[in-house]
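Colleague: One-letter residues, chain by chain:
Number of protein chains: 6
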Amino acid sequence: MVSHSPIGPVEATKVPRYSGLGTFVRLPQIEAVPDYDVAIVGIPFDGGTSYRPGARFGPSAVRQASRMLRPGYHTELDCTPVKELQFVDAGDIACTPYNNQKAVEQIEQAASKLVGKNKAVIAIGGDHTIALPMLRATTKVHGPVALLHFDAHLDTWGSYFDEPINHGSPFRRAFEDGLLVEDKSMHVGIRGPVYDQDDFIRDHEFGFQIIRCTDLDREGVPAAIKRVRNRIGDTPVYLSIDIDVLDPAFAPGTGTPECGGMHSREILQMLRGLTGLNFIGADVVEVAPAYDNAEVTSLAAATLIFDIMGLLAYKISGRS
Amino acid sequence: MVSHSPIGPVEATKVPRYSGLGTFVRLPQIEAVPDYDVAIVGIPFDGGTSYRPGARFGPSAVRQASRMLRPGYHTELDCTPVKELQFVDAGDIACTPYNNQKAVEQIEQAASKLVGKNKAVIAIGGDHTIALPMLRATTKVHGPVALLHFDAHLDTWGSYFDEPINHGSPFRRAFEDGLLVEDKSMHVGIRGPVYDQDDFIRDHEFGFQIIRCTDLDREGVPAAIKRVRNRIGDTPVYLSIDIDVLDPAFAPGTGTPECGGMHSREILQMLRGLTGLNFIGADVVEVAPAYDNAEVTSLAAATLIFDIMGLLAYKISGRS
Amino acid sequence: MVSHSPIGPVEATKVPRYSGLGTFVRLPQIEAVPDYDVAIVGIPFDGGTSYRPGARFGPSAVRQASRMLRPGYHTELDCTPVKELQFVDAGDIACTPYNNQKAVEQIEQAASKLVGKNKAVIAIGGDHTIALPMLRATTKVHGPVALLHFDAHLDTWGSYFDEPINHGSPFRRAFEDGLLVEDKSMHVGIRGPVYDQDDFIRDHEFGFQIIRCTDLDREGVPAAIKRVRNRIGDTPVYLSIDIDVLDPAFAPGTGTPECGGMHSREILQMLRGLTGLNFIGADVVEVAPAYDNAEVTSLAAATLIFDIMGLLAYKISGRS
Amino acid sequence: MVSHSPIGPVEATKVPRYSGLGTFVRLPQIEAVPDYDVAIVGIPFDGGTSYRPGARFGPSAVRQASRMLRPGYHTELDCTPVKELQFVDAGDIACTPYNNQKAVEQIEQAASKLVGKNKAVIAIGGDHTIALPMLRATTKVHGPVALLHFDAHLDTWGSYFDEPINHGSPFRRAFEDGLLVEDKSMHVGIRGPVYDQDDFIRDHEFGFQIIRCTDLDREGVPAAIKRVRNRIGDTPVYLSIDIDVLDPAFAPGTGTPECGGMHSREILQMLRGLTGLNFIGADVVEVAPAYDNAEVTSLAAATLIFDIMGLLAYKISGRS
Amino acid sequence: MVSHSPIGPVEATKVPRYSGLGTFVRLPQIEAVPDYDVAIVGIPFDGGTSYRPGARFGPSAVRQASRMLRPGYHTELDCTPVKELQFVDAGDIACTPYNNQKAVEQIEQAASKLVGKNKAVIAIGGDHTIALPMLRATTKVHGPVALLHFDAHLDTWGSYFDEPINHGSPFRRAFEDGLLVEDKSMHVGIRGPVYDQDDFIRDHEFGFQIIRCTDLDREGVPAAIKRVRNRIGDTPVYLSIDIDVLDPAFAPGTGTPECGGMHSREILQMLRGLTGLNFIGADVVEVAPAYDNAEVTSLAAATLIFDIMGLLAYKISGRS
Amino acid sequence: MVSHSPIGPVEATKVPRYSGLGTFVRLPQIEAVPDYDVAIVGIPFDGGTSYRPGARFGPSAVRQASRMLRPGYHTELDCTPVKELQFVDAGDIACTPYNNQKAVEQIEQAASKLVGKNKAVIAIGGDHTIALPMLRATTKVHGPVALLHFDAHLDTWGSYFDEPINHGSPFRRAFEDGLLVEDKSMHVGIRGPVYDQDDFIRDHEFGFQIIRCTDLDREGVPAAIKRVRNRIGDTPVYLSIDIDVLDPAFAPGTGTPECGGMHSREILQMLRGLTGLNFIGADVVEVAPAYDNAEVTSLAAATLIFDIMGLLAYKISGRS
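Residue numbers (the numbering used here), protein chains in the order written: chain A, 36 to 355; chain B, 36 to 355; chain C, 36 to 355; chain D, 36 to 355; chain E, 36 to 355; chain F, 36 to 355.
Don't take every hint at face value.
For identical chains, the list gives no copy identity; a pair is met inside one copy or between any two copies.
[Unchecked claim] Straight-line distance between alpha carbons at most 25 Å, and here's what the computed DSS-like set of lysine-lysine pairs gives:
id, residue 1, residue 2
1, K219, K175
2, K152, K49
3, K137, K261
4, K118, K261
5, K137, K219
6, K137, K49
7, K261, K152
8, K350, K152
Derived by calculation from the structure, the hints in this document are not laboratory data.
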């Protein structure tokens with residue numbers, strides 16, 4: 036943890052929430068603090084999109100919606116993240132919109148500068164492609180990780196139009212790169228048809244287990260929490276949330292919405308059941324604001340990030 | 036109850052629902068009946084808003100959406116409110132948009148003319164500030180009440196920018212004014228971070244108990260109904276519903292949406308579990324139509340008001 | 036089943052999903068195959084609407100949203116419909132927008148050409164009026180059917196403005212025509228007030244049982260599935276889904292939205308619990324795209340149709 | 036003119052414009068005054084629509100947008116209509132949505148009660164079908180009229196799907212009924228392709244002259260005003276404005292938008308150039324609010340109606 | 036010209052315009068006719084976008100909006116294109132979304148199959164990148180061309196993020212490839228700030244002249260027509276229209292809107308002033324439907340394409 | 036002018052425009068430079084609104100839209116403002132949303148710190164109320180000014196609901212405070228009805244002349260430029276632009292839209308005709324993003340601000 040007393044967000048009693056430059060929950064910019072525990076960084080890249088593009092505007096939209104949060108005490112996690120750790124907004128990582136390979140390198144390079152032994156990074160996408168360089172940067176410091184992946188889709192597909200780097204393949208690439216601990220990773224929220232049943236066989240070979248939305252129907256969220264905790268144990272975990280894990284009713288503003296998804300309360304309940312896991316990095320991706328409505332999708336993403344801030348406060352501050 | 040046979044809404048078989056001046060569910064205007072049991076009144080005030088303004092257009096939007104209802108027999112409550120009581124649309128209360136103190140006085144004065152020993156008022160907000168003058172007008176006739184408050188937020192905060200009258204403080208003001216019976220009031224649907232954990236301590240001192248959305252996750256709606264009934268008993272109850280108690284998926288058109296909220300079916304189930312409580316007034320507030328989508332928020336508000344009409348029919352017509 | 040190996044949709048690995056003329060899930064047009072098992076046909080008629088019109092644009096919107104599906108393996112139903120049966124897009128049925136009686140005749144005539152002993156038709160509405168000619172065409176081949184009807188509303192009302200053919204009356208007309216097997220039909224998802232309590236009495240006389248949304252609150256989806264299976268048994272079933280059976284949060288783009296509806300996961304769970312029923316035809320109606328948001332309603336409709344394709348694959352391919 | 040001093044709209048200094056039941060510019064309802072000079076009446080009928088329906092919601096949307104006007108002194112016409120004449124809001128005419136012939140009869144009957152020797156009616160559509168019964172009702176009192184018709188389309192087409200009464204045919208029907216003075220009528224704003232060049236020949240036979248948008252490009256608005264004045268002279272004029280005469284940029288919320296239309300300033304300039312014409316009735320039609328954006332279309336319609344109020348004040352109050 | 040009598044669009048009197056699979060103005064698909072004069076083809080590629088992506092959905096949106104046109108007699112051009120030439124809808128060109136170089140090759144290859152000595156192609160973008168392969172395919176048959184380019188932006192910029200193929204550079208690439216006749220090309224509608232004044236110097240070196248929107252303010256459209264006609268003479272012309280040449284009021288649904296643009300009437304007037312030019316190919320690009328409103332942008336694009344059809348009918352049918 | 040070479044915006048060739056924290060056209064924040072010539076500051080206050088509120092979100096929306104500009108060379112003004120002067124983004128002025136008097140004092144105080152002898156401030160509103168404290172702060176340094184005011188409305192009204200400080204009164208207050216040079220001020224773009232003809236008489240007494248939109252119809256923009264230049268001469272000018280001066284087609288996202296307004300090209304042409312005037316401060320106000328569409332209003336506001344930057348570069352850099 037940083038040695039100084041954390042500098043918190045702008046105070047809403049002095050500056051109305053709709054005022055001022057919109058860093059994430061109005062946190063200090065990275066340049067304004069001597070050191071930090073957790074950096075929140077935007078990665079406005081959507082060159083890996085296969086259907087609706089637009090996640091390049093995700094970071095600015097999620098920051099704008101995050102104004103609505105009152106980033107203080109979190110009742111369910113019983114903590115005030117911004118008082119326990121130094122959170123900062125590290126701005127956006129600039130990368131080319133035209134070349135997925137290059138973009139992934141640029142992102143890895145920039146993210147690597149933010150990651151550290153005692154420093155976590157939370158990325159705001161961009162499309163899901165950005166999880167690959169985030170994993171590369173993170174595992175360089177922390178070694179292989181368990182991936183806890185909330186999504187409607189497996190994202191372990193192969194190349195698409197001869198392009199191995201796309202938003203449907205980051206976790207196959209991560210597996211091939213040896214970034215994932217064997218048999219520890221999980222998908223949560225999977226649903227919908229797939230082009231080929233073999234997709235599941237390959238996914239299994241990459242070491243994933245799946246909790247489908249229909250599993251939640253049958254067994255409920257507490258059972259799912261148990262399955263996740265049992266499988267991951269104390270392995271370092273990278274958390275990757277594709278906002279399309281939520282039903283389109285809760286997150287219309289996304290690139291490949293899928294009917295029959297998780298409700299906001301379910302994913303919040305799951306995250307709050309995962310305190311104490313060894314989280315070492317995270318991303319929330321695939322917010323495509325052009326398809327959003329009254330900021331409901333951006334706000335959902337911002338809320339999830341605030342919960343991740345709480346989970347990191349738990350972990351980094353060494354709570355049990 | 037009025038002595039005459041109630042005059043009901045315009046008949047949809049003769050005048051299509053999209054036709055005619057839009058009073059609430061096309062009820063008669065107050066001037067058109069000799070007397071009434073329940074007045075529905077708009078209070079288009081949003082000067083107390085702290086984030087997204089626009090609830091001043093709430094009354095006109097909720098009335099427009101209420102055209103979609105068929106205001107007859109209510110299966111779950113087994114009653115036809117408009118046949119049992121005389122409901123009227125009392126129009127809107129005119130008040131200044133610029134001065135919260137004055138507006139609150141103007142609202143109280145106008146509402147007082149509508150309230151009566153055997154007359155209930157249902158207010159359509161406007162922002163939550165309007166609950167304070169509504170409580171003042173109501174308790175002048177009925178004495179202190181239990182407050183049953185559905186909301187994402189406590190609304191027992193203090194002054195904001197030196198203004199004691201705002202949409203985050205009505206129930207602290209009501210408590211200070213002695214309008215609330217000690218230890219009978221409840222918040223339902225609370226969630227999200229707060230600036231300071233002490234907010235809950237103060238809220239408790241003002242005599243509130245809280246049912247959080249995470250309580251609903253754990254215990255379900257029937258348990259919550261039991262808690263409400265046990266606490267309130269037969270104390271006169273004022274019901275105040277901030278539409279943001281619903282998740283943004285169900286109510287995007289509001290000023291301070293909060294992810295992880297109640298689903299429409301949950302709040303309807305709760306209300307229908309509260310028949311027989313001694314309701315003496317109510318409001319439904321914080322519909323901000325500029326952020327709505329296909330009238331889903333306005334329609335939710337109109338539906339809740341129709342359920343309140345049923346609860347009042349139960350109570351006033353002396354059903355057990 | 037057709038004797039040839041089914042011709043499937045356009046391959047997404049060769050032609051991106053946003054490319055090409057948008058037949059339903061990019062299936063072949065009816066002219067492009069020698070024969071078919073299941074025809075999907077649009078019926079862009081909304082002359083029976085009583086509130087918000089616009090379902091005439093339903094077929095084009097649902098086809099457009101269906102691009103988002105990956106129409107391959109269906110995990111819950113464990114089948115790949117487009118490999119088991121020949122599905123085709125039969126285009127739209129042209130009919131007058133101005134005369135409900137004539138339109139119904141034109142639709143019946145056109146639908147009759149698509150229906151066959153071993154051929155099912157899935158209609159995309161259009162308003163619910165189109166269920167009547169669909170039932171007429173279907174029962175001419177298959178005899179009277181059980182109707183399994185998902186809807187917020189009964190749709191067994193009588194004439195409206197002297198017009199017996201409208202979107203609130205198709206199932207009363209079907210009953211009067213003797214198209215329904217006695218005491219086998221069911222409504223699922225009913226809610227909201229009705230003009231008159233007698234509506235339920237008449238509905239009962241027409242041989243319907245009702246599962247209200249509040250029944251789902253109390254008993255859950257598995258119990259509802261059991262009730263449906265018990266009642267229908269192996270009677271031939273026509274499935275009619277009004278998209279307003281979903282809550283407005285999940286389906287804002289419809290003509291008469293009703294608060295407190297089914298969630299997407301609930302209806303999908305129900306359909307998937309009905310494998311083996313003797314489905315012989317279906318429709319999904321009342322998508323009104325002008326009120327939709329980011330295609331969430333159209334996508335829900337497309338997803339339901341894909342599930343129906345799975346149920347038909349089950350049935351026609353003789354799986355048990 | 037009425038003998039009493041006109042009762043004006045609600046005063047905005049006492050009741051904010053977003054408050055109260057929304058009659059047109061908050062005029063008194065017809066029941067609230069002893070007599071009137073001009074009645075504004077909604078005709079929420081869209082059964083004649085050939086493409087996008089929804090104009091049934093036109094009257095409620097135009098009234099809502101009219102709140103934005105400050106209905107006092109009109110600089111260009113140098114008059115304060117509501118002080119010179121008694122204007123009232125006569126509510127909506129109820130008619131069947133299902134049968135164009137019947138609807139037209141119902142509208143004629145209801146409109147006839149509002150029309151009078153010294154009483155003008157301004158109708159808010161509804162689709163353009165409603166111009167036919169408006170003309171029938173008006174000419175019964177005033178005899179045949181010159182039609183001054185602003186529209187992208189001729190609306191002198193014939194039957195469509197065997198239905199002679201539809202929104203593309205009102206003026207052919209009016210011509211056939213002998214409601215139009217020979218060689219006095221004009222279309223203004225015509226543009227876009229037509230199915231057949233003969234449409235223009237027939238239109239000419241019905242006694243129309245045409246000012247196309249491309250004529251405005253070439254000659255400007257003042258020349259167009261001159262052409263209109265010369266042709267119409269002092270013949271009694273019925274003014275019919277289809278909002279799609281405006282370019283979709285100015286009026287997106289309409290049923291059959293047509294690119295390349297009039298700009299708002301052009302139509303206002305034209306109307307203001309027509310003072311002194313012998314206007315005896317008018318309609319503004321085809322606002323389809325589901326396609327509108329921030330009320331720009333409804334506001335345009337409301338503004339045009341206010342200008343018509345000024346033209347009638349000119350005429351009825353006998354100014355020269 | 037084809038030797039057979041042209042097969043026209045679906046007849047709107049038999050099949051309502053909202054019915055049926057939506058080819059452009061409901062023209063026959065290319066497979067349905069023996070030969071054609073003009074092919075309209077979609078190119079759903081937006082990988083060259085620098086700001087708002089989404090033009091990949093341009094072709095489907097423009098086709099949907101084109102239903103609104105009545106594709107018959109064009110008054111200003113005095114012709115009925117679909118009766119004079121055989122127009123077809125050639126579907127969409129499939130290409131990778133991930134690699135601009137490859138995509139451009141794929142598009143060139145596919146377009147080359149459609150182009151011919153007496154066959155013109157009109158492309159619906161897609162972003163402006165697609166003009167490059169269109170020019171390559173076209174000039175292979177017709178030799179170098181004059182480019183008539185309507186746009187807010189020059190599109191003669193260089194590489195962006197090291198990518199020479201992007202939507203800001205097609206015409207520099209075309210110039211470098213020798214596809215443009217020296218000193219014959221023109222930009223029309225240019226406006227807004229540029230990164231560097233040198234952009235204009237280079238643009239001039241590539242042989243372009245510029246008509247800025249401010250030139251239109253000063254000189255009017257007829258003068259601009261004269262300038263274009265004088266410069267181009269009878270050189271073969273390729274016409275490329277970026278929809279952002281229109282002001283955002285007329286075309287909000289585009290990737291890089293620029294305030295102060297052309298009005299719809301101005302561009303239509305210009306096109307109609309260019310009859311007789313030797314048009315040999317065209318595109319209309321940069322419609323990004325996620326940002327559109329009530330289809331106004333798509334409809335503008337469809338209308339421009341219909342005018343281009345008229346210009347080609349003029350030219351190919353040898354009118355003078 | 037600052038003595039250092041100006042630090043310009045983030046380079047778009049290195050950081051895509053959708054990346055990074057969104058200061059206005061991505062200028063440096065005020066803290067990042069030693070000194071500045073022109074500060075752009077947001078004033079998110081909308082407590083003076085009389086109809087649609089929401090301009091508190093104006094500054095964040097205008098900054099977001101300003102990303103679309105390429106803030107380099109301005110062709111019409113032949114300058115590159117950011118190379119000639121040091122422009123900075125000074126963030127937002129925090130003020131109470133609840134008390135207009137206090138807010139005005141807070142704004143004046145904060146603005147006064149930014150204003151200076153050789154320092155201009157451009158304010159982004161907020162509602163028009165903010166022009167009053169801006170004028171107070173500006174005239175403290177520069178003495179009384181001529182006001183050049185673009186607006187649909189006079190904004191010289193009096194108190195509204197007893198509140199003298201509101202968005203309809205800033206210029207009456209300014210006149211009363213002696214902030215305006217007699218007989219030098221002008222309104223441009225006025226239109227629409229007013230409550231009372233006397234409004235114009237009073238307005239005249241406050242020393243204003245008016246150019247109505249109908250004057251532009253008659254005389255054109257060049258004549259209007261001449262009138263402005265003649266009247267103002269070399270008096271120091273404060274420029275205040277209410278975005279509702281534009282027609283709702285060009286600026287739907289505003290609080291009190293008025294049909295028949297200026298087109299974007301007209302206001303740009305006017306501004307560009309005013310080079311050399313002695314501009315000493317400016318504001319662009321009344322953008323209400325909740326009513327905007329595809330950012331067209333915000334983009335119009337950002338574009339106008341960029342033109343003002345050019346006018347200031349002209350003036351401060353002493354060009355003639």
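Colleague: The structure should be examined with respect to each hint, and the outcome stated for every one.
Modeller: Taking the hints in turn, this is what the structure says about them:
1. K219 / K175: within (18 Å within a copy, 57 Å between copies)
2. K152 / K49: neither (36 Å within a copy, 29 Å between copies)
3. K137 / K261: Close neither inside one copy (39 Å) nor across copies (47 Å); limit 25 Å.
4. K118 / K261: Classified as neither: same-chain Cα gap 30 Å, cross-chain 37 Å, threshold 25 Å.
5. K137 / K219: neither (30 Å within a copy, 38 Å between copies)
6. K137 / K49: between (43 Å within a copy, 14 Å between copies)
7. K261 / K152: neither (28 Å within a copy, 50 Å between copies)
8. K350 / K152: within (13 Å within a copy, 54 Å between copies)
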